[in-house]
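Protein chains in written order, with the numbering used here: chain G, 3 to 226; chain U, 3 to 226; chain W, 3 to 226; chain Z, 3 to 226.
Do not take every clue at face value.
[Said to hold, decoys possible] With the Cβ distance kept under 7 Å, some of the chain Z side facing chain W (calculated, not the full set):
#1 MET3
#2 ILE60
#3 THR93
#4 SER97
#5 ILE104
#6 GLN116
#7 GLY157
#8 GLU165
#9 GLY188
#10 TYR190
[What the hints assert, rightly or not] Where chain W lies over chain U, by a calculated footprint (3+ residues, C-beta under 8 Å):
#11 166-179
#12 205-211
#13 214-221
[To be verified] Straight line, CA to CA, 16 Å or less: simulated EDC-like cross-link-like pairs of lysine to aspartate or glutamate:
#14 Z/LYS124 x W/GLU94
#15 G/LYS144 x G/GLU94
#16 G/LYS27 x G/ASP196
#17 Z/LYS69 x Z/GLU51
#18 Z/LYS200 x G/GLU204
#19 G/LYS200 x Z/GLU204
#20 W/LYS185 x U/ASP209
#21 G/LYS200 x Z/ASP209
#22 Z/LYS61 x W/ASP96
#23 G/LYS169 x Z/GLU224
#24 G/LYS200 x G/GLU218
Rather than coming from a laboratory, the hints here were simulated on the basis of the structure.
Where a beta carbon is used, it is the ideal one built from N, C-alpha and C, also for glycine.
Protein chains: 4
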Amino acid sequence: MKESVLIVGAGSGLSASLALLCSSKNMKVVLAARNIKKLDSLKKEIGAETIRCNASDIKSVSNLFKKTDKIIGTPNLVVYNASLRFHGGITELDSKKTQAAINVTCFGAFLVAQEATRRMLKRKSGSIFFTGASASIKGFAKSSVFAMGKFGLRGLAQSLARELHPKNIHIGHFIIDGAIGYKPYGSYQTINPDSIAKTYLEFYNQDKSAWSWETELRTSVEKF
Amino acid sequence: MKESVLIVGAGSGLSASLALLCSSKNMKVVLAARNIKKLDSLKKEIGAETIRCNASDIKSVSNLFKKTDKIIGTPNLVVYNASLRFHGGITELDSKKTQAAINVTCFGAFLVAQEATRRMLKRKSGSIFFTGASASIKGFAKSSVFAMGKFGLRGLAQSLARELHPKNIHIGHFIIDGAIGYKPYGSYQTINPDSIAKTYLEFYNQDKSAWSWETELRTSVEKF
Amino acid sequence: MKESVLIVGAGSGLSASLALLCSSKNMKVVLAARNIKKLDSLKKEIGAETIRCNASDIKSVSNLFKKTDKIIGTPNLVVYNASLRFHGGITELDSKKTQAAINVTCFGAFLVAQEATRRMLKRKSGSIFFTGASASIKGFAKSSVFAMGKFGLRGLAQSLARELHPKNIHIGHFIIDGAIGYKPYGSYQTINPDSIAKTYLEFYNQDKSAWSWETELRTSVEKF
Amino acid sequence: MKESVLIVGAGSGLSASLALLCSSKNMKVVLAARNIKKLDSLKKEIGAETIRCNASDIKSVSNLFKKTDKIIGTPNLVVYNASLRFHGGITELDSKKTQAAINVTCFGAFLVAQEATRRMLKRKSGSIFFTGASASIKGFAKSSVFAMGKFGLRGLAQSLARELHPKNIHIGHFIIDGAIGYKPYGSYQTINPDSIAKTYLEFYNQDKSAWSWETELRTSVEKF
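Next up, chain G with everything else stripped away, as it sits in the complex:
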C-alpha cells in the first residue's frame, strides 16, 4: 500500500514543497486548510485531495480525520503547519485575536495530534511533525502572541515525544529560524522551502534506533 501524508495548514510555502516531495516519493497526499481554493493548482499537479478545515475547531478537526480515514486511512505522516501571528507591544494587542492566535498555533496542534495518535496507536506506527519558528525558543520583544503559541507548541511536541516514541510514533519539531522563500527578501536571505522539506523527509525516514525529536534550520548567513 502507498504511504500517505496529511498536511494541516497547507499553503504555498513549506507545505507545498512538502506535498511535492512526498508525492515524488510516491506518497498519497491530503492537504487541509481553511481556504482550499488556493490549493487548486497544487492539487491538480500532484493528484492530492484537499479538505476544508479550521484547525483550532474541535469539530472541524474531528471531521477532517473522518474524511481522511476514507481517503487514505491512517496517514503515515501528519504535519501540523498552521499558525497565526501578529506583532505588537503588549498594550496594543487585541485580546480576542490573541486568544485565536494561541488556538491556531498551539491548541489546533493538540487536536490534530490527538486524532492522529488515536489512529496511529492502532496501527502501532506513525510520524507527527510540528513546524516551529524562531519564536519557539526565543520570546522577542513585541512578539508575545507568537511566543505563547510557539513555546506552547514546543511543550506539546516535547511531551508527546516522551509519551509516544516508546510506542513507535515519531514526533518531530522543526525550528525554522527565518522567513521561508525562494528569493532573497531585499538583502535578507530566505530559507528555501524545498531544502526544509528535504530535512522533514529525512526525519521521517530515520530509523527508530536513532530518532531526533527536534532540529533548527536557518540560512548560512542568518544571525542567531
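With the hints as your guide, set chains U, W and Z onto chain G.
Below, chains U, W and Z without anything else, positioned relative to chain G:
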C-alpha cells in the same frame, strides 16, 4: 504612599505566603480568585481586599483592574499565580478542558499582564511576576496540557522581559520545580511556600542595574 | 563562630563588592588571586586575609586551601570568580593561550570545588558559587575561547548541583550578562557590582527547601 | 575530484560506521587515532589511510593535518569524535586525569577545528562536525568531568557556527543521547551507529539555505 501587590490566582499555598510576606513589609494586598470564600481568613488576618475574577475571561480581568484601581491604584507588583493542570495520555484528554487549561495557565497571564502594563507604563515603574513549574521547561510524558500552558507562559514572560525591562517594568518568571507544602508528602520533600515568597520579594527589590528575569527553585533533595 | 567566605580570582569589581558586603555581614573574608598586591587597600579596609594562588594549578589550589584551613577553617561560602578571556576568529587564536584560558575559566573551578567539597562534606554544609557570563549559554562568533571555558564551567556547576545539593552543599551559578562597572561605558550601561553581590548573598541565605542553582543578571536596558 | 573525510578519534563504533558510509559514497577516508593498530581491518576494508595522532596535543594535530594535506588535500568533512570520560564524585576524582579529559574532549576539538578552518577558508567550503553526548546539555551527578568537556565542546561548536556559517563552513553538533551499539546492552537499547552515521551524512548534504547546527539522537525507548 504604601506599596501594593495584586495576586491573581490566590489560594492557600504560595499566594498566601506571598500575601503574608508583602503585608509584613507594609504593602497593601489585593487577592483575586474565582472562589474568594476560601480567602476569608487570610483577608482578615492581613486586612487584604479580595476580588472575584475568572483570570481567563477578558471582561473579568478588565473588571478586576478597574476595581483594583479604586482600592490601591496601580499595583507596584502583580503576581500571576493561576494555572489549571491535569494529566493524561494524549488520547484520553478532553479537548474542551484542555483548551480551558491553556486559557487559565497562559492566556489569562497575557490578559493580566496587559492590564497591568497599561497602568505601569503611565507610572513608569512596576513588577509583573509569573509562577512557572517544572513543566515550563520540560514536557513530561502525559503532561502535554500543562506543558502547553507553562511553556506558553514562559514565552510570554521572556517576550515581555525584552519589551518592558527597558521601560522600567521588571518581569520575573519562577520555575517552581516540585510540589509546594509545609510538610513532606510521604517521603517526598515539598518546597516551603514561605521560602519561595522570600525569593519573589528579593526579585522585587532587585536594583534595575542587575535584574534577573528567571530563576528555578527546588528542594535540596529534588532530582532534576 | 563567625561565618567566612573565600573568594578565588579576587580583583576590583564583583569580588571587591562581595568582600565588602560579606564583611558588613560580619563574615571573615579570605581573598585569593595571582596578584595580591592589588588587593592591599581592600585587605586593610575590611581586615581580610589575602593568599597568592594560581587557580589553574593543582598544587597552588591545594596550598590555598591548606592556608585557608589555618585562617578560617572550612569556609561557609566559596566563590570562584577567576576567568581568562580573549576574542578572535578561530584561525587567529594562539593554541597555548587558549588552553591556558580553559584551565583558568573551567579547570580551576573544578580544583577549587574539589578542595572546598572535601571540607564541606565533613562539616555537612556549605555553599560554592561560580561566576558565569553571557558566554555561559551563548557561543558568540569569535568568542570560542570564552565559550569553551564558560560552557564547561556551567556543566561543572550543574553536575555539582545534582551531586551535592542532597548533601547540603548549595551550588550557585550566576550568568552575568554584560560588563560590570559603576558607570556607563560610553552609551553602554554596566551592571553595578554591588547589586550583583546582593543577589549572591540572597542565594547564600536561601533556605534549602527552595534552592536555586542558577540565575541571570543584566541591566534593565540590556538587549538579550 | 573525490570528496574526502577526516575522522579524528576513530575507533570501532560510530567512526567505523561513518567511515564505511562515506566510503560507500565514494569519499576518500583518513582515520586518525592514538592507537591505529585497531583500525587495521577497517583500513583494508575501505582503503582508508590511518594517521597516529594525540588529539589534545598541539604539535600532533598540526602534524596530522600536514600529513592529511599530502594524502587528500583539504578534507570536505572533518569529524571530531574523540573524548575521554570517567565517572566519580567530585572528591574522588584525580585532578590530572580530569585535566587530560577536558583536553581530549574539548581542547582537542578546538585544535582540529582550527587546522581544518585554516584550510577550508582558503577553499571557501567545508563541514566540521563534533560528536556530543547526553552530557553536552545535562550535567549529571558524578559526571562533572564529562560535563565540563562536553558542555565546553558545545560552546565551541555554537561559537564556530556563528562565525563560520556565513563563510560557507558548515558546523554540526550531534547530541548522542545514549550508548552506541548494535545489540541491546542487557535490557538497555543501544543506538545503532549506522543510523547515526546516516544522519551525519544528511547534515553534510544539507543545502546552505537550510542548515542545522545541532540535533539530538536517541532510541525510541530512551527516557529523557
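task = Verify the proposed pairing of G/LYS200 with Z/GLU204, using a straight-line Cα cut of 16 Å.
result = Holds, because 10 Å separates the two Cα atoms, which is no more than 16 Å.
task = Under 7 Å, Cβ to Cβ, is where Z/MET3 needs to be relative to chain W, so tell me if that hint holds or is violated.
result = Violated, because the Cβ-Cβ distance from Z/MET3 to chain W comes to roughly 24 Å (cut-off 7 Å).
Per-residue hint verdict: Z/GLY157, partner chain W, C-beta under 7 Å = 3 Å, holds
task = Please verify that hint: Z/SER97, Cβ, nearest Cβ of chain W, below 7 Å or not.
result = 5 Å, holds
request  = Apply the coverage criterion to the region 214-221 of chain U and chain W: a residue qualifies when its Cβ sits closer than 8 Å to a Cβ of the chain, and three qualifying residues are needed.
outcome  = Holds: 8 residues of the region 214-221 of chain U have a Cβ under 8 Å from chain W.
key: Straight-line alpha-carbon gap G/LYS200 to Z/ASP209, limit 16 Å   = 9 Å, holds
request  = Starting from G/LYS144, check that the Cα of G/GLU94 is at most 16 Å away, please.
outcome  = 10 Å, holds
task = Mind checking the alpha carbons of Z/LYS124 and W/GLU94 for me, to see if they're no more than 16 Å apart?
result = 14 Å, holds
query = Is the straight-line distance between the alpha-carbon of Z/LYS61 and that of W/ASP96 16 Å or less?
reply = It holds: about 13 Å lies between the C-alpha atoms, which stays within 16 Å.
task = Decide if the proposed pair is consistent with the structure: Z/LYS69 and Z/GLU51, CA atoms, cutoff 16 Å inclusive.
result = 10 Å, holds
query = Keeping to a limit of 16 Å between CA atoms, is the pair of G/LYS169 and Z/GLU224 held or broken?
reply = Holds. G/LYS169 to Z/GLU224 sits at ~11 Å (cutoff 16 Å).
request  = Could you grab the alpha-carbon distance between Z/LYS200 and G/GLU204 and see if it respects the 16 Å cut-off?
outcome  = 10 Å, holds
Checked against the numbered hints above, the structure violates hints 1, 9 and 10; every other hint is satisfied.
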